[in-house]
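Asker: One-letter residues, chain by chain:
4 protein chains.
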Amino acid sequence: MRLTPDAAGVYPIAPTPFNADGSVDWTSTDRLFEFYAGIGSDGVTVLGIMGEAPKLEPEESVGLVKRAVAKMGGKPIIVGVSAPGFAAMRSLARQVMALGAGGVMIAPPPSLRTDDQIVGYYAQAVEAIGTDIPFVIQDYPLTLSVVMTPAVIRRIVQDNPSCVMLKHEDWPGLEKISTLRKFQADGSLRKIAILTGNGGLFLDFEMERGADGANTGYAFPELLIDVVRFSKEGKRDAAHDIFDAHLPLLRYEQQQGVGLAVRKYTMMKRGILASDAQRKPGAGLTAAAKAEVDYLLARLAKHDPRAKV
Amino acid sequence: MRLTPDAAGVYPIAPTPFNADGSVDWTSTDRLFEFYAGIGSDGVTVLGIMGEAPKLEPEESVGLVKRAVAKMGGKPIIVGVSAPGFAAMRSLARQVMALGAGGVMIAPPPSLRTDDQIVGYYAQAVEAIGTDIPFVIQDYPLTLSVVMTPAVIRRIVQDNPSCVMLKHEDWPGLEKISTLRKFQADGSLRKIAILTGNGGLFLDFEMERGADGANTGYAFPELLIDVVRFSKEGKRDAAHDIFDAHLPLLRYEQQQGVGLAVRKYTMMKRGILASDAQRKPGAGLTAAAKAEVDYLLARLAKHDPRAKV
Amino acid sequence: MRLTPDAAGVYPIAPTPFNADGSVDWTSTDRLFEFYAGIGSDGVTVLGIMGEAPKLEPEESVGLVKRAVAKMGGKPIIVGVSAPGFAAMRSLARQVMALGAGGVMIAPPPSLRTDDQIVGYYAQAVEAIGTDIPFVIQDYPLTLSVVMTPAVIRRIVQDNPSCVMLKHEDWPGLEKISTLRKFQADGSLRKIAILTGNGGLFLDFEMERGADGANTGYAFPELLIDVVRFSKEGKRDAAHDIFDAHLPLLRYEQQQGVGLAVRKYTMMKRGILASDAQRKPGAGLTAAAKAEVDYLLARLAKHDPRAKV
Amino acid sequence: MRLTPDAAGVYPIAPTPFNADGSVDWTSTDRLFEFYAGIGSDGVTVLGIMGEAPKLEPEESVGLVKRAVAKMGGKPIIVGVSAPGFAAMRSLARQVMALGAGGVMIAPPPSLRTDDQIVGYYAQAVEAIGTDIPFVIQDYPLTLSVVMTPAVIRRIVQDNPSCVMLKHEDWPGLEKISTLRKFQADGSLRKIAILTGNGGLFLDFEMERGADGANTGYAFPELLIDVVRFSKEGKRDAAHDIFDAHLPLLRYEQQQGVGLAVRKYTMMKRGILASDAQRKPGAGLTAAAKAEVDYLLARLAKHDPRAKV
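Residue numbers (my numbering), protein chains in the order written: chain A, 335 to 643; chain B, 335 to 643; chain C, 335 to 643; chain D, 335 to 643.
Same shape as in the complex, but just chain A:
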């Protein structure tokens, strides 16, 4: 299904499952997407930063998208197509859309500085991939070192009708959500979906500020779904209760560099992935770190039975 500005809910960032020898583990891949569909995800994002996208051969990337399309039951698939050049971005974008993807996600290259450079970059990207492909702005200054003001995001959205979603992972970004929603209320910004990232570390309050959901990874995406649902139902305390129970682990998974290792290790313990292997180069967990995750899981299981692994 194509991605639209009305998208909402949880789009997990899918890790790419590997076998211990570094080959793609297609069995786990199928199981992973079935898992995401089964818990009620509203879509999925593949080939993101946490999907180890740059380590994949083109045919592997395509294979991943095909599996996602096949298993996600018509839910929109967002595909990361950020690339150092527009030729590669265009090729991948058009190819995955032909395979049934719902839209693409584009991060700005780290060299961009001024407002005009950022706005200009998205104009060029849209010209490259075509105006018919729905796209997501990835706003992630902590990692990409590109800072977009709300006004810059508004310019990109208003200039490009094919922009349908903001993956919001500025930090701190609560006021940014509020400002964008104010822009929408005063009519200066059309409605787009705002799904948040940053591993969900502020999802509790992001929802209250007007986010439509989460577009991020965490070894228990069910938690993200719970928070989004409780929040939409107005059950504030319930949303915070389940969120707070997961926060110690969720925070632990947010460590730059080893976060993906934590996520894969946990998903392996849950039986979703057969292995926690990353393709080279990738940092594994030390024995001390694994023991810390195990301890956090044991503590979490007292509050959330799904953590009994």
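Keep in mind that a hint or two might mislead.
Note: identical chains are not told apart, hence a pair may lie in one copy or across any two.
Unchecked claim - Mimicking BS3-like on lysine-lysine, the simulated pairs with C-alpha atoms at most 30 angstroms apart in a straight line are:
#1 Lys603 <-> Lys624
#2 Lys642 <-> Lys566
#3 Lys569 <-> Lys624
#4 Lys624 <-> Lys525
These are computed hints drawn from the structure, not numbers from a lab. Owing to the predicted nature of the structure, the values given are computational and were not obtained by experimental measurement.
Assemble the complex: chain A is given as a structure, and chains B, C and D must be docked to it using the hints.
Answerer: Below, chains B, C and D without anything else, positioned relative to chain A:
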């Protein structure tokens, strides 16, 4: 008291109290240091990044150190002396030591890149301030964009006998603590104190990895003291229980840009500061953010009566 | 004399003369300013990046300004006041203006990213130093990593009546000068002085694009004065002839890190400075580098007798 | 021919010729490589930063390598294979070597900071592409913001027998060349080729410090060949005379962002390229800039008849 490699426990990073008109609030300053001493802090750090140091006139900086010395009952005072040039660093360092400070903290300038540049910078800094002043390495890549490997830290420590402490705020940094302690165990690194920063976001596990305590800010430094004490007593679950109860607020305070506003607002509500004012330029909290802090405090109060404010 | 938007000509960036023991060489300082005045400089800039400003004690900085005021015969003195905090910026700015400086130069801190952050920073700086002090914007992305579009510079100029000059050292920046002059022609930007930096590496064409002169260092500031004068007289070939003769040395002096050593070494050979010493930390020239400078000077002397040293 | 540590002379960085409609101009491509071979180039580098590599489709990249192999008469072809991931790097490297390329060039990703990270990256890259492919280290801190000390380069060279060349474009880098040659003399570094970049801006002295030649672009690669030849023949003044004659234009071509436009415009005027078009996104020259290049060419033609275009 002079700072030594045997330092341990909690050294809160003191905010600088201001009146609403931007002048230093000396009454709150006295109360703040009395509060830190009263709860059992092992020392205090002033003129850190979160102390709004660059906004202070020289005589104000000196005044702050004098109050800390007067009120902290002989506990070591660490003074941030990072500066764009060694002349200013030397002046401030020698002046505050003469006033009774225990040591100084030096952050590397953001332009440093190679291992040798970093090691060379600390050699020059020590030559500038004198080899008789105990100093703390501030290792804070997220903000300073200078990355020090454990081996580089070892070179700095071994080259400079006046280095007594590492303020560890690499992120993620758990393995770094383990590696440094291994260096110490194998005899290649002499013993220094490792106190951790990052607002305490990983203090629970940092203690288990071998940290000696925390050198960081949080509106409830009592929590830091609790975690350090429980951890040293081997009460692992108790340490995590109290830590987890505070984590939602502690995480909220970790937002770059507004973190200090959250901290000052909370400390004002606690009656420690008369005002949450920052000297210009400084970001205040919106009404929405204040309400979020209030909500977090109310939830925290159920677990920790000290949060009833 | 106070700096005005009508400033033009050459304002050399003065190096700070040191004795071999690291103390300020006040005799050479006097001689240096007399030299600048004697060759017809239109003003001078002190405490710039190439003036080793952060290595100076406050009283030394003040002494330098006093000497410049005393020796430059009423020509405007521009004083670099960039600082990590507004308190230090304000103190220094007000102090040097009281001593007779003509204006101050303010560089943006490297952390600024968005257009609004840059504009906001200058608003805060002006609020801090006072609206009565003429100031110069330093636009130097190569070193400061802050990128200002022409539209951002326009906002700063239009917002702040006390802005009188742009030190233009974007690279490449020829089109930026043309754009700013177009803004002025269409009435959207009031007239300010544009003096160029970057060691003069593009001064030949910068003048043709509409610059008013140079605000930069070079061991032969006479060359900068020649190029500016010939250019204003419409003697294009003469301007380029003398520029091209100096370009091999001028380019050699543009090496980041050792450029100041080249400049000081040459000015010592010219008899202007008694020593080429830099205060620690500072890179000296190797014997190989000195021999290269000597060779370049010998070659230059065939075209310009002033280079016979 | 395979690239070896004995490589020397001039390897121009080839621009990629485009038609005005953005398609690759294969006729100009053939003519370009014939031109490089005809003037006595010792090899050529394709798919470098100035080759607009990220804008090319995979089949276009391959086509470019094929033409270079066909036209360069057995001279080594160096192919830029830098990529955000090792999968793409490996694919391209093995493919172009099978087509007859002589070696590959690898730039470090901008995120690398510590010495160990840089050394580790090259180890991983070699593991990815295979130890049988000769490779060139690109050391270009100004653009890549990765700083490699001579000792780090030594580690990479000594660790990886397939490393055969350093593309040296540190700035300033004269002492780096001297240091590396000293390492070689003291036996701690095996012999590799050192070819310099930076558009040749310091080629005159780089040769005297021990460089083997140039691996860089300039609209008149004949100048680079002249300087290298004169220098090797010990004709120091002749080398500098021809270098200095070209320096005004060479410097003009060094402007970041528009340098490639200057180069293509000049090569079009020389009849080598049919068009100065860049594939989108790319900055063209304004009329003012073109007139400046024309003026520089007219001035250059008085010294070098090859510049009569």
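Asker: What hint numbers does the structure not satisfy?
Answerer: none
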